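K.L.:
The primary structure of each chain is shown beneath.
Number of protein chains: 2
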Amino acid sequence: MSQNTTPAELARVRRKPSRARYDTAAVYAVLDAAPLCHVATVRRDRPIVLPMAFGRIGDVLVLHGSPVAGLFRDAAADSPVCVTATLLDALVLARSARNHSMNYRSVVVHGEAVRVTEPDRVMAGLRAVVEHVTPGRWAQIREPTGTELRETALWQVAIGAAAAGPGQSSTASVKIRSGSTLDPDADRAWPVWAGQIPARLTFGPPVEADDLPPGTPFPGYLRAL
Amino acid sequence: MSQNTTPAELARVRRKPSRARYDTAAVYAVLDAAPLCHVATVRRDRPIVLPMAFGRIGDVLVLHGSPVAGLFRDAAADSPVCVTATLLDALVLARSARNHSMNYRSVVVHGEAVRVTEPDRVMAGLRAVVEHVTPGRWAQIREPTGTELRETALWQVAIGAAAAGPGQSSTASVKIRSGSTLDPDADRAWPVWAGQIPARLTFGPPVEADDLPPGTPFPGYLRAL
Numbered sequence: 001m002s003q004n005t006t007p008a009e010l011a012r013v014r015r016k017p018s019r020a021r022y023d024t025a026a027v028y029a030v031l032d033a034a035p036l037c038h039v040a041t042v043r044r045d046r047p048i049v050l051p052m053a054f055g056r057i058g059d060v061l062v063l064h065g066s067p068v069a070g071l072f073r074d075a076a077a078d079s080p081v082c083v084t085a086t087l088l089d090a091l092v093l094a095r096s097a098r099n100h101s102m103n104y105r106s107v108v109v110h111g112e113a114v115r116v117t118e119p120d121r122v123m124a125g126l127r128a129v130v131e132h133v134t135p136g137r138w139a140q141i142r143e144p145t146g147t148e149l150r151e152t153a154l155w156q157v158a159i160g161a162a163a164a165g166p167g168q169s170s171t172a173s174v175k176i177r178s179g180s181t182l183d184p185d186a187d188r189a190w191p192v193w194a195g196q197i198p199a200r201l202t203f204g205p206p207v208e209a210d211d212l213p214p215g216t217p218f219p220g221y222l223r224a225l
Numbered sequence: 226m227s228q229n230t231t232p233a234e235l236a237r238v239r240r241k242p243s244r245a246r247y248d249t250a251a252v253y254a255v256l257d258a259a260p261l262c263h264v265a266t267v268r269r270d271r272p273i274v275l276p277m278a279f280g281r282i283g284d285v286l287v288l289h290g291s292p293v294a295g296l297f298r299d300a301a302a303d304s305p306v307c308v309t310a311t312l313l314d315a316l317v318l319a320r321s322a323r324n325h326s327m328n329y330r331s332v333v334v335h336g337e338a339v340r341v342t343e344p345d346r347v348m349a350g351l352r353a354v355v356e357h358v359t360p361g362r363w364a365q366i367r368e369p370t371g372t373e374l375r376e377t378a379l380w381q382v383a384i385g386a387a388a389a390g391p392g393q394s395s396t397a398s399v400k401i402r403s404g405s406t407l408d409p410d411a412d413r414a415w416p417v418w419a420g421q422i423p424a425r426l427t428f429g430p431p432v433e434a435d436d437l438p439p440g441t442p443f444p445g446y447l448r449a450l
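Note that the protein sequences, when read in sequence, are chains W and F.
So for the first sequence, the working numbering puts the first residue at 1; every next one is plus one.
So for the second sequence, the working numbering puts the first residue at 226; every next one is plus one.
None of these hints come from the bench; they were simulated from the model.
Note that this is a predicted model, so its numbers are computed, not measured.
Check before you lean on any hint, since a few could be wrong.
[What the hints assert, rightly or not] Derived, one-sided and incomplete: chain W residues facing chain F with beta-carbon distance under 8 Å:
1. Asp45
2. Leu88
3. Val130
Where a beta carbon is used, it is the ideal one built from N, C-alpha and C, also for glycine.
With the sequences and hints as input, model every part of the structure.
P.N.:
Given below as structure tokens:
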């Protein structure tokens, strides 16, 4: 990997640093609430970013992709990745275009992606990915076979310097914008509604698989969604 | 920019190409439905990806950032960017971990970001960004001042080869996963609920700004959210 720019330099939030936090609990809270992440890598000097399923085991992110996916052909060679997970919390509607904003929580992890191959660790990683969006489900589904574990493409990325292995580096930061509009006094009499429109991801009524045997109960852990 | 890999090569969807579409209408439909995008660039050989507000004017994406944001210090030098917008449509819950999936729509645009500086074009770009999430609002808000236009940091990225300027390149593709679980026959009797949990971004009751004059009407175009 290049040593020209360290992850610590990249991760230092330049814009509106007052919105930035680096503490572990805040990073984990945003990661755990995000259903998917966006993973960027560099392919022959060009950036590429794709959405990806993920999970977390302590201070390690587990990314789930395909071995033939373009993204991970680089990461398999231990090249740097940037993983970003974003939650939109509100549209912030001000009196002027300039002061329109969004409330959001976003985590950015700079590190290296390392392929997970040891069967027990692949099993633990798959479990983390499944439990990330549907906690409680792992105990109910069919356990992976040995062949499935060998064919499963998982990568891990350390979250923060303390989690990075020998020769690796990692930084993680979270940026949060919350609260209402910030219009200057001169704009407040402008005759337009101003405020926030809260936003969140919601889950609708479940749709049974066509081949589901009649009477199969809908599990409680999914009601929590 | 590097000529080692062309955007066309990067954009060719390698994994599950049956899910990929390249037609313009499908690309625009996903872009227009996504409230934000993730923009990746390369900074000294490392990737960086951040969430960003955006809009669309015909075959051009308009990205709204800050001139001091780390991301755009590269793009101002006409370096390559990758813009990805993703909509999560459902969790797909199968009988095995291997067959768990998500339904989603995702657009990936590979191109170059070009700074927009001409005041009329900055005005049009700002309008596109505001109207992207709240169509109808531009006509009601205070028009930007000349100073605001000069201070506004907008970049544009062509969507597809036909929109790329001289010396530029761009490709855009959309990938869609829809439908139900794909369990093999041998798994169908496994005693677990299987199917889809639809997901979507929803907007909650509006929260008025503290300084909103009493009686300011809530506009109809926001009810449509």
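K.L.:
Does each hint fit the structure? Answer for all of them.
P.N.:
Verification of the hints:
1. About 3 Å separates the beta-carbon of W/Asp45 from the nearest beta-carbon of chain F, less than 8 Å, and the hint is met.
2. The criterion of a C-beta within 8 Å of any C-beta in chain F is met by W/Leu88, whose closest approach is roughly 6 Å, and the hint holds.
3. Interface hint status for W/Val130: upheld, as the beta-carbon distance to the closest one in chain F is roughly 5 Å, under 8 Å.
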